[in-house]
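Trainee: Quick note, the sequences are listed as chains R and S, same order.
25 is the number of the first residue of the first sequence in our numbering; add one for each residue after it.
-4 is the number of the first residue of the second sequence in our numbering; add one for each residue after it.
Think of the hints as simulated: they come from the structure by calculation, not from any bench.
Treat the hints with care, as some may be off.
Stated by the list, open to error - List time: in silico DSSO-like cross-link candidates among lysine-lysine, alpha-carbon distance up to 30 Å: (1) R:K68 with S:K126; (2) S:K29 with R:K333; (3) R:K91 with R:K170.
Unchecked claim - Taking beta-carbon pairs under 7 Å as the criterion, some of the chain R residues facing chain S (in silico): (4) W63; (5) D66; (6) R67; (7) G317; (8) L322; (9) Q326.
To be verified - Derived contacts from chain R toward chain S, CB cut-off under 8 Å, selection only: (10) L60; (11) K68; (12) V198; (13) F298; (14) T318; (15) L319.
Heads up, the beta-carbon is just placed ideally off N, CA and C, and yes, glycines get one too.
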Amino acid sequence: MSPITLDITIHLAKIALIFFVVLTLAAYLVFAERRLLAWIQDRKGPNRVGPFGLLQPLADLIKLLTKEDFRPPQADKWLFYLAPAMAAIPAILTFAVIPFGAPVTLFGREVPLQVADLNVGLLFFMALSSIAVYGVALGGWASNSKYALLGAIRGLAQLISYELSMGLSLVPTVMLAGSLRLSDIVAAQASVPFIVYQPLAFAIFLVSIAAECKRIPFDIPEAEGELVAGFHTEYSGMRFGLFFVGEYINIIVLGGLATTFFLGGWHGPLLPPFVWFAAKTLAFAFFFIWMRGTLPRLRYDQLMHLGWKFLTPLALLNILATGWWLMIREPH
Amino acid sequence: MPILNDLKALATGLFVTWKHIFRRPVTVEYPDVKRTPYPRYRARIVLTRDPDGGERCVACYLCSAACPVDCISMEAAEGEGGRRYARWFRINFSRCIFCGLCAEACPTLAIQMTPDYEICEREVMELVYEKEELLIDGCGKDPEYDFYRHAGIGVVNPRGGNPDEEPPVDVRGLMP
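Hey, can you work out the whole structure from these sequences and the hints?
Mentor: Here you go:
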């Protein structure tokens, strides 16, 4: 096998692995969420299909696939059909730049456990997280329904309030690591994870990613209690499923990114790197589910207040403080 | 500082939900575990018989009138000896809300609620119970009671023949 063929094969294998693991994990995250929420509410949750209800995601999949794929007669056909994919694809695409384990040696060459080690990995993630909202906005707009439209507008309003603080909270990370490449950021945390230096930036990032993946208390675009189902009110069958699974992929990906930026990525004692990465990522997923079981939903003006008047100035101050600290520590 | 209060409230809330994760669920897994309802639980309605085995129902329409959803209907008839009964009696359980007002209204204790709550059907017409399906062979909750032995209308015994009754007075003989 020539080196190029081997290269392509290894890359395809990594992509297939990520697709399989992330999609399976997303399906089981839905199940885990239902069980955990049930426990929080003193119920049992889905426990009928298979042992402990473990086959429930499969049953849900069959249900969604066999349901009618309905399009409202007044909807914009192509946008309506495209929007779910536009919401789900950026989510899983972001996983391409996340290093999910230490480099391994295969066929006498070093293979990084990361699909693409972009030198602007962080910017790539920021760009995709902005693109993902197009699925929400266009899906809500194309449905031609008032609830869906309100959900879409809220999605956009939410985007401009959290995106800025999310970007700004990552600047100190870049300043500490001296690189936008995610593998460099992980390497810079080999001894001490950045959460120790940057607890404030971590807190801001955590709040922002909760808003990014539209989880309670920031599930304003969906808001079941107010907008039926928000932007995906008119969707049914697997198209709804795509929106749904996209959200859970987003949780995994954003958990992975928070791990990469602040918790030292795959670094960790004793256990193999991949296990450390998975454990940290799933801890974020657990935290999001736990938060959903605890908090009520914010109004969207409250979210904008939080984003613009509190988190963004705080993130800016944090950047200044980090710069000052870096200057004192290593004067040039 | 208000933010410290907010963070404290957040932590308190998270702690409460954390505790509940480990609490035993209150769920009763119904088809596997069936709770025994209390004797006065209000579910399937029955028509009971008096201690002699006769039908208690005298087709007075009070249950039908009391029913807030109009699910009880019947036709009155009179048998030999002036004993009233329902020619047909019908309860539509697809409308019944199990409020128990019919049982409260019944002067003869004929209509009663039982704790049998498993009366689901696939076919909605099967929830319309006719008299044969409603009548049971027992006396239900008040086994001693027999309306005709207290009513003073001479159906079971001649008038004045029941234990707590006096013979009828000849009103013309009372003239001064």
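Trainee: Now tell me, hint by hint, if it's right for this structure.
Mentor: Going through the hints against the structure:
{"no.": "1", "hint": "R:K68 with S:K126", "verdict": "violated (42 Å)"}
{"no.": "2", "hint": "S:K29 with R:K333", "verdict": "violated (55 Å)"}
{"no.": "3", "hint": "R:K91 with R:K170", "verdict": "holds (24 Å)"}
{"no.": "4", "hint": "W63", "verdict": "holds (5 Å)"}
{"no.": "5", "hint": "D66", "verdict": "holds (5 Å)"}
{"no.": "6", "hint": "R67", "verdict": "holds (5 Å)"}
{"no.": "7", "hint": "G317", "verdict": "holds (5 Å)"}
{"no.": "8", "hint": "L322", "verdict": "violated (12 Å)"}
{"no.": "9", "hint": "Q326", "verdict": "violated (12 Å)"}
{"no.": "10", "hint": "L60", "verdict": "holds (7 Å)"}
{"no.": "11", "hint": "K68", "verdict": "holds (5 Å)"}
{"no.": "12", "hint": "V198", "verdict": "violated (27 Å)"}
{"no.": "13", "hint": "F298", "verdict": "violated (27 Å)"}
{"no.": "14", "hint": "T318", "verdict": "holds (5 Å)"}
{"no.": "15", "hint": "L319", "verdict": "holds (7 Å)"}
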